[in-house]
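**Q** The residues making up each chain are set out below.
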Amino acid sequence: RKEVEQDPGPFNVPEGATVAFNCTYSNSASQSFFWYRQDCRKEPKLLMSVYSSGNEDGRFTAQLNRASQYISLLIRDSKLSDSATYLCVADPSGGYNKLIFGAGTRLAVHP
Amino acid sequence: GAVVSQHPSWVICKSGTSVKIECRSLDFQATTMFWYRQFPKQSLMLMATSNEGSKATYEQGVEKDKFLINHASLTLSTLTVTSAHPEDSSFYICSARHPGQGVETQYFGPGTRLLVL
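Chain order of the listed sequences is A and B. Note that the first sequence covers residues 1 to 111 in my numbering. Note that the second sequence covers residues 112 to 228 in my numbering.
So here's chain A without its partners, still in its complex pose (with noise of 0.2 Å):
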């Protein structure tokens, strides 16, 4: 069973949707989690990072449920720039920086 679980997509949504993406984690030992972004061919960059309180910055809502080890990411208002592979990270390293990245899901935003 992979460490960090995703669903690939892809996920093609009109301008202006709202799309949810989930994420499943097996190490209950994960401390800390994050949603990255990579676009086609290029490094990952950080989006946020996922806190039990749930998080909001601008339209992306990121929310974390450690009983269940699972993490989901919120885009609402969907823009096409926002078309890019979504990463569910964790770091089981206590701190560390050992992520551990899933295997991301595809969002496709047309017009």
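Treat the hints with caution; some may be incorrect.
[As the list claims (entries may be wrong)] Cross-link-like lysine-lysine pairs, in silico, PhoX-like; alpha carbons within 25 Å at most: (1) K177(B) <-> K98(A); (2) K42(A) <-> K166(B); (3) K175(B) <-> K98(A); (4) K42(A) <-> K152(B); (5) K175(B) <-> K2(A); (6) K42(A) <-> K98(A).
To be clear, the hints were calculated from the coordinates, so they are not data collected in a lab. These numbers were taken from a predicted model, which means no experiment stands behind them.
Position chain B against the provided structure of chain A, taking the given hints into account.
**A** Frame of chain A, contents of chain B only:
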């Protein structure tokens, strides 16, 4: 902001040759750098953790004699793929952890695409 560079960005080589990839942190001193590999449509896989002045820590299944890592200074880590074969063709990405910032602050290089013929 902090920047991590990689060189080269592209490399094509013949089977059996060795390829060296450099990873530099340009704005800060990185005691720890990480090397990842990503095959098409797959996740980034951590290969090894590079520690300045000491031996790298390799992940299970990564051959240390094939993927040589040297972190000789606080701003430079190198990955050498020795005797490269076509199955080593991949996207290699390094990252550097900023020592003074939070755990989520890991800066990625732009990656190196390796094609072994």
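**Q** For each hint, tell me whether it holds in the structure or not.
**A** Checked hints:
no.	hint	in the structure
1	K177(B) <-> K98(A)	holds, 21 Å
2	K42(A) <-> K166(B)	violated, 28 Å
3	K175(B) <-> K98(A)	holds, 18 Å
4	K42(A) <-> K152(B)	holds, 13 Å
5	K175(B) <-> K2(A)	holds, 23 Å
6	K42(A) <-> K98(A)	holds, 20 Å
Hint violations for this structure: number 2 only, all remaining hints satisfied.
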